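Protein chains: 2
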Amino acid sequence: MANPTAAMLVIGDEILSGRTRDANMHYLAGELTKHGISLAEVRIVPDVASKIVETVQGLSREYGSVFTSGGIGPTHDDITADCIAEAFGKTIGVRDDARALLQAHYDKSGQEFNEARQRMARIPEGATLIENPVSVAPGFVLENVYVMAGVPSVFQAMVASIMPTLTGGDPVLSQTLRIERGEGEIAGPLAELAATYSDLSVGSYPYQQNGAYGANVVIRGTDGQRVDEAMARLAELFA
Amino acid sequence: MANPTAAMLVIGDEILSGRTRDANMHYLAGELTKHGISLAEVRIVPDVASKIVETVQGLSREYGSVFTSGGIGPTHDDITADCIAEAFGKTIGVRDDARALLQAHYDKSGQEFNEARQRMARIPEGATLIENPVSVAPGFVLENVYVMAGVPSVFQAMVASIMPTLTGGDPVLSQTLRIERGEGEIAGPLAELAATYSDLSVGSYPYQQNGAYGANVVIRGTDGQRVDEAMARLAELFA
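Residue numbers (UniProt numbering), protein chains in the order written: chain D, 1 to 239; chain U, 1 to 239.
None of these hints come from the bench; they were simulated from the model. None of these values were measured; they are calculated from a predicted model. Mixed in with the good hints there might be a few duds.
Said to hold, decoys possible - Derived BS3-like pairs (lysine-lysine); straight-line CA-CA distance at most 30 Å:
1) D/51 - U/34
2) U/51 - U/90
3) U/51 - D/51
4) D/90 - D/51
5) D/34 - U/51
Claimed, not checked - Rough simulated footprint, nothing fancy, chain D against chain U, three-plus residues with beta-carbon under 8 Å:
6) 39-50
7) 68-80
8) 91-97
9) 115-128
10) 184-194
Glycine included, every Cβ here is placed at the ideal spot set by N, Cα and C.
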């Protein structure tokens, strides 16, 4: 059976302007792969409500689950929670349990729990909170959409807290052979190998190092014995 | 007048599996911003022909230009050129000028110009070549889609060669103020500032450093005087 599919939606002008280099996509990709969930598409969109709403609706229909990062803080450009509510036709308002978490946090640190901070307790109706052990303000899950923070340390903590709740598939096993020849030289036999092992994924990733070309050939699949077999054949071909 | 819009399409299983961290998106974002072109959306899709074709068609209709990276090498998983041809209903075949470039390169290096390498001369009808000073195999432009390599050094060289051919808008000017207070404290006044300067983009990007919270507030716009004014007001607010 095919593994469950997922999509990621990165929200934020700062990524698209080149100001910030996104780190969350690469992190999530690795975690999902380990968990046997296939990340099938990623989209990066700006802080534009109509775009976020329409993208969430599309991805939620197409994939088993959707993970978002960004736009859930206290400032005027944090519009993700409202957009998710709109995408599913839900109301949104400050929720008691989320407010209590934040209230306790700000009381303890002696900071004012002002209007802006209360915005972070706005949660769409019917959502489940995602714990944030780093900075308290929670993420949430609505339908099949997991809404998380953009700050990498917070995003990673949230991913850690949801991961055990996700239904994974068979872990994808991966083996890599580094071949010190140009891709053009290995392409023919490699295509035949890929055709023979069509139940596996055979990828070729070229590199250039000290002026020499080579390729990392990666064989991936859920059946360890098949991956081993294909790797042995690959090694024979390019010994 | 609004600046021209663009989208990027990153093609490759290795990005989605978490094996490789994409570097091209961040690079292109910075170059387009300098050139006054607004990167409005990014998508990352696997080496699946139907997905590539449908995504290229959608992005090409929605945005002024589309930039792709990945999938134009000699191996069996390099399917981008064929997908782009299909997306626009064009034929594709080995083209004489592209073949001549590659033939000369392999003759010079004493390597065989075999069938796999000839695949890199397959160019959709009506396309214009994009020069590749790093490893010769060209990219191409078809309609409003710029098709480039995934290897970062080659991608960057290709971007450098197309950039002068693109019609840019007004360069976007950007100023940043680092404010050593939590976002929750500055959010109220910041929202008012953003409303006053609604012709500019006012973004707040939180950070955490040595246990203290702060935010980089970035004001962006094409009118330098307005950006200066808004920055002066921002500095006053949080002096």
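* To do: Hint by hint, work out which the structure violates, then give me just those numbers in ascending order.
  => Hint 8 alone not satisfied by this model.
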